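**Q** Chains R and B, in that order, give the protein sequences.
For the first sequence, the numbering used here gives the first residue as 1, with consecutive numbering after it.
For the second sequence, the numbering used here gives the first residue as 1, with consecutive numbering after it.
Everything labelled a hint here was simulated from the structure, so no lab data went into it.
Just so you know, these numbers come straight off a predicted model, no measurement behind them.
Certain hints may be false.
[What the hints assert, rightly or not] Pairs of lysine-lysine residues, derived as DSSO-like cross-links and limited to a Cα-Cα distance of at most 27 Å, are as follows: (1) B:K190 / R:K194; (2) B:K11 / R:K77; (3) B:K190 / R:K132; (4) B:K77 / B:K59; (5) B:K132 / B:K203; (6) R:K132 / B:K172; (7) R:K194 / B:K172; (8) B:K17 / R:K150; (9) B:K143 / B:K59; (10) B:K132 / B:K143; (11) B:K11 / R:K150; (12) R:K190 / B:K190.
Number of protein chains: 2
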Amino acid sequence: MSSFPVTDKTKITRLPKRGVYDTETVYSILDEALFCTVAYSNDNQPFQIPTGFVRIENKIYIHGSVGSFYMRELQTKKLPVCISVTLIDGMVLARSAFHHSVNYRSVTVFSEPNIVTDNDELYKALEMFTNKMCPGRWDDIRKPNDGEWKATMVLSFVIEEASAKVRVGAPKDDEEDYDLNVWAGVQPLKLERKALIPDPDLKAGIEIPGYLA
Amino acid sequence: MSSFPVTDKTKITRLPKRGVYDTETVYSILDEALFCTVAYSNDNQPFQIPTGFVRIENKIYIHGSVGSFYMRELQTKKLPVCISVTLIDGMVLARSAFHHSVNYRSVTVFSEPNIVTDNDELYKALEMFTNKMCPGRWDDIRKPNDGEWKATMVLSFVIEEASAKVRVGAPKDDEEDYDLNVWAGVQPLKLERKALIPDPDLKAGIEIPGYLA
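Taking the hints into account, I'd like the entire structure generated from these sequences.
**A** As structure tokens, then:
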């Protein structure tokens with residue numbers, strides 16, 4: 001199993017037992033997350049942008065309009081970025097306030113932007129992004145035309161410096177608190193896809209496709 | 001209805017129609033979100049930390065261990081921060097790849113850290129944080145003792161420079177695409193609380209309290 005090197009920036013200093021550096025864990029969290037936040041700074045003023053993304057092999061891809069201010073800032077200035085994703089899996093309800101916690105899986109990546117100019121890579125990134133957000137969707141829809149491709153900027157970020165932080169399981173209380181008359185456990189949280197809402201302008205006679213059902 | 005001033009940092013330049021500056025919208029998004037990401041930079045190297053938080057009046061409160069490296073960095077250096085939260089409400093499935101989108105509500109706040117030293121404010125922040133994560137929980141649990149209070153650092157961030165960005169509703173396709181034989185609409189997403197998992201060490205005879213049922 002391969003792992004990311006532990007660097008000054010990725011070393012988990014607080015609760016180090018929660019730190020995970022293997023690529024499999026890092027990639028699985030990135031693949032489940034539907035958005036990331038991209039942080040960068042300009043003259044030490046931090047900014048962050050939430051955005052959809054897709055991981056392909058050892059790269060994170062984001063896309064936006066060629067007119068996007070922050071995409072152009074990132075690309076022209078080659079600004080260092082910190083990208084993070086967080087999945088909240090549950091509330092950890094301990095007997096004491098102090099030991100309340102959250103079950104979560106988060107990833108932090110330090111990287112820098114590269115503009116994607118190769119058409120095959122661009123096409124693949126958008127196809128896989130679309131199918132990540134809605135599995136099976138790409139084959140069903142109108143593909144981008146020349147003008148739409150020209151209006152789209154894709155940036156890639158190599159995942160070389162990365163770490164995950166994970167908490168799972170039951171609460172951990174102080175020894176003497178286990179005798180308190182307080183219910184303790186975990187309240188799981190899950191992001192769920194709910195019943196589809198058809199476009200009010202949906203053409204008559206179009207059924208919900210199998211990949212959405 | 002009060003609003004946040006539009007500043008160089010908070011002006012929405014991309015799809016400006018999605019920008020929202022009224023305090024009610026900004027606060028409602030902050031109050032629904034279970035975690036935020038706090039971005040800061042050191043020598044132009046950006047970092048970000050996902051963390052639970054609570055909004056009380058015009059402040060965001062986060063807490064952590066007094067031993068937390070990043071909490072101490074923020075506090076001792078008074079680093080400017082960018083705090084963001086994002087709620088994903090649904091996948092917007094258009095007829096063309098290009099017009100696929102996401103329904104979301106996000107907030108970005110620019111501020112700086114203040115350490116909370118007033119005990120009443122500290123106590124209130126932790127109580128309201130606990131009840132945000134699990135409504136009704138605070139009154140049921142063992143309150144922090146002196147040692148636990150001393151081990152906890154709370155930072156506040158005044159919400160003065162803030163904006164929201166919101167997309168709602170159906171896909172918007174190009175005129176000529178409405179005739180395509182492609183299902184279009186929205187697939188809603190919702191973070192849901194699921195069935196409780198009792199602590200394996202739960203004391204016998206303790207029922208699930210009403211506020212959790």
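**Q** Please go over all the hints and tell whether each is borne out by the structure.
**A** Now the hints, each set against the structure:
Of the pairs offered as hints, the one joining B:K190 and R:K194 holds, with about 7 Å between alpha carbons and a cut-off of 27 Å not exceeded. Between B:K11 and R:K77 the CA atoms are separated by roughly 21 Å; this keeps the pair inside 27 Å, and the hint holds. Taken as a hint, the B:K190 and R:K132 pair is honoured in the structure, with Cα atoms around 17 Å apart against an allowance of 27 Å. Using a Cα cut-off of 27 Å, the hinted pair B:K77 and B:K59 holds, with the two alpha carbons roughly 20 Å apart.
A hinted pair counts as satisfied when its Cα atoms are at most 27 Å apart, and B:K132 with B:K203 qualifies at roughly 26 Å. Under the criterion of a C-alpha separation no larger than 27 Å, the hint pairing R:K132 with B:K172 is consistent with the structure, at around 21 Å. Restraint check for R:K194 and B:K172: satisfied, since their Cα atoms lie roughly 21 Å apart, inside the 27 Å limit. Distance hint between B:K17 and R:K150 is fulfilled; the C-alpha atoms sit about 23 Å from each other, no more than 27 Å.
Taking the CA atoms of B:K143 and B:K59, the gap is about 23 Å. The hint holds against a cut of 27 Å. For a cut-off of 27 Å, the pair hint linking B:K132 to B:K143 stands: about 16 Å separates their Cα positions. With a C-alpha separation of about 26 Å, the suggested pair B:K11 and R:K150 falls inside the 27 Å cut-off, and the hint holds. Distance hint between R:K190 and B:K190 is fulfilled; the C-alpha atoms sit about 8 Å from each other, no more than 27 Å.
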